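**Student:** So the number in our numbering is just where the residue sits in the sequence shown, counting from 1, plus 1391.
Among the clues, some could well be false.
Unchecked claim - Restraint-style ranges between C-beta atoms, simulated for each label pair: (1) R1433 - G1675: 28 to 34 Å; (2) R1459 - D1525: 28 to 34 Å; (3) S1578 - A1435: 48 to 54 Å; (4) K1410 - E1611: 49 to 55 Å; (5) L1456 - W1607: 31 to 37 Å; (6) K1410 - F1572: 22 to 28 Å; (7) F1572 - D1460: 16 to 22 Å; (8) F1572 - L1541: 38 to 44 Å; (9) A1585 - F1431: 16 to 22 Å; (10) F1572 - P1679: 36 to 42 Å.
Claimed, not checked - Pairs of lysine-lysine residues, derived as DSSO-like cross-links and limited to a Cα-Cα distance of at most 27 Å, are as follows: (11) K1654 - K1502; (12) K1677 - K1654; (13) K1671 - K1557; (14) K1654 - K1506; (15) K1440 - K1420; (16) K1410 - K1462; (17) K1576 - K1462.
Keep in mind that the hints were calculated from the coordinates and are not lab data.
The structure presented is a predicted model; accordingly, all values stated were derived computationally and were not measured.
Note that CB positions come from ideal geometry on N, CA and C, so glycine has one too.
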Amino acid sequence: MREITNQIKDIARKLFEEKKIDMFLAWEKSEFDFQSMPFFARSAEEVEKIIFDEFSVHNLSNALLRFRDGKQRIGIVVKGCDSRGIVRLLEDHQFTRDRLYIVGVCCPGMKDPLKAFRNESGFEKTANADLEADKCNDCIQPNPVIYDVLLGEEQPPRMQGERFKKVKEIEAMTPDERYAFFEDKLSTCIRCYACRQACVACNCRTCIFDESRPQWVGREANTSDNMMYHIIRASHMTGRCIECGECERVCPVHIPLMLLNQKLIKDVDSFFGPFDAGLKYEEGAKPPLSQYRENDPDDFL
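Make the full structure from the sequences, and use the hints.
**Tutor:** Laid out in structure tokens, this is it:
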């Protein structure tokens, strides 16, 4: 991926020299070969630190939320899932298109630095460990959907087999079996909120889970509060989840969070679709559950 790295550097350097941007978002290498970290270049000189490699797994579009109230013109490198995140921000009016210069990179699939860290920790080191990011196996859009310049060769979807196979396995359970399954999985949650922090669609200025007056949901790491937290968060993502899988990837206790998200993605597509969040940007467009008409059916009330 060295050629892609050099192309990104050339583009970023030119943008700074022509004073078209104030900042450029990409990745830089840490002290570990298997850790590529989000990087904010603020000058042409800092462009030299930029890299793009198989560990550039983070969804950089989430970082734009730090600058939504500013006026900085920002260059950003996006993969397919990252670009869907940018569409999400534009549709939510969290950012404006004229502030962005988007460098799209066709993604061949990423490796997970968290897997590499565990492998290098000394507890489960394997010479030929599979470090591929699990989320990439479910990718339906490896190529950017919005960009100013596109780099690399377009890639086919990496997902193999039936898209909602795991969801249908859960749907086939009895209600008691489903409850027991999620009770077991969600009971391990430590309420670290890593899933929320990594999610580009979690862009509320004040999160309901941070409210104290009133306190809508308990903050203890017990099963009932955990289930309430994850049910509410998944509901807020309905029609908005871009399937980047970062929530599940960063979960320290390996909760299968995308099962909840994909169940709601499947239902939204069935009831309101065909629809997939962030696959196409149309100015003024909104996700299905963000629209309202006075004659909407209300038989469920």
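**Student:** When the hints from earlier in the document are held up against this structure, which numbers fail?
**Tutor:** Failing hints, ascending: 5, 6, 7, 10, 17.
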